[in-house]
Amino acid sequence: MVNKNPIYILKEVFDVEKAFVLGYNKEALLEYYKEKALKCRRCPLYKTRNRLVFGWGNPYSGVMAIGEAPGVDENRIGKPFVGKAGTFLAEAMEKAGIDRERDLYITNVLKCIPLAFPGSRKIRPPKKEEIRACSYFLEKQIQIIKPRLILAMGGFALSYLLQREVKITANIGQIFEIKDGIKVFPVFHPSKIIREDKEEVRKHYVEDLKKFKSLMEELKES
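According to our numbering, the sequence shown is numbered sequentially starting from 7.
Treat the hints as calculated values from the structure; they're not laboratory data.
Predicted model only: the values in this text are computed from it and were never measured.
Using N, Cα and C, we set each Cβ at its ideal position, and we do this for glycine too.
One or more hints might be untrue.
[As the list claims (entries may be wrong)] Derived CB-CB ranges, DEER-like:
id, residue 1, residue 2, range
1, Gly-125, Glu-227, 46 to 52 Å
2, Glu-97, Arg-127, 31 to 37 Å
3, Lys-226, Ala-122, 37 to 43 Å
4, Ser-220, Arg-47, 38 to 44 Å
5, Phe-123, Glu-223, 30 to 36 Å
6, Tyr-142, Ile-181, 49 to 55 Å
7, His-210, Glu-107, 20 to 26 Å
8, Arg-127, Gln-149, 19 to 25 Å
9, Lys-204, Lys-133, 29 to 35 Å
10, Arg-130, Lys-24, 37 to 43 Å
[As the list claims (entries may be wrong)] Below, simulated BS3-like cross-link-like pairs (lysine-lysine); rule was C-alpha separation at most 30 Å, straight line:
id, residue 1, residue 2
11, Lys-90, Lys-101
12, Lys-204, Lys-185
13, Lys-90, Lys-24
14, Lys-128, Lys-32
15, Lys-40, Lys-24
16, Lys-189, Lys-42
17, Lys-146, Lys-226
18, Lys-45, Lys-217
19, Lys-204, Lys-226
20, Lys-85, Lys-42
21, Lys-24, Lys-85
22, Lys-101, Lys-24
23, Lys-134, Lys-226
24, Lys-216, Lys-85
25, Lys-53, Lys-40
26, Lys-198, Lys-85
27, Lys-40, Lys-219
28, Lys-32, Lys-204
29, Lys-152, Lys-128
30, Lys-128, Lys-146
31, Lys-42, Lys-152
32, Lys-85, Lys-133
33, Lys-53, Lys-185
34, Lys-40, Lys-204
35, Lys-146, Lys-204
36, Lys-40, Lys-85
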């Protein structure tokens, strides 16, 4: 019988696909890499975080939503998209017919909060070296979840997935295809919508999410 205790997962298995063959499930594998991320020293951000923010949702949905980095509330609670931006995102997804817990797995490019300086409540954009350091864990999440569709929330997430610098504004609503045939649908990061604080902008965001929902349904049928 295969030991499902995450402590033993991949101790002698260094390949996710091999782990699946041996009988490890997605939850156990994600837990294993979360434990590895807790011990990560690949960049200095571990020194200023309160909580690691790894990811949550349904790893069997075939759909992921990827943002930029944890905010202050996420850093306090240890869960992505739980602050003001997360509340708005949940409401917008509900209006679009998306169940955030059932229909996708949600995470960020960075797993630690990028504070402007230690002790600050201000967040700065992720640095390239931080993105490179943290990409190991995001790639493992993608490898485990095997999404057919990804919602890229903001320019950082989109640029990471496309592996080139792109402007989010010029690409809203387009569909990109990346490695393994994964489709990527870009939308603004919900924090941008909150900052603009315009009802028309919020409505457009819900409409974009409805388009994403339609893509989800198409993939289910294919």
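- Query: Which of the numbered hints above does this structure break?
  - Reply: Hints 2, 5, 6, 8, 12, 13, 14, 18, 19, 22, 23, 28, 29, 33, 34 and 35 are the ones this structure does not satisfy, whereas the remaining hints hold.
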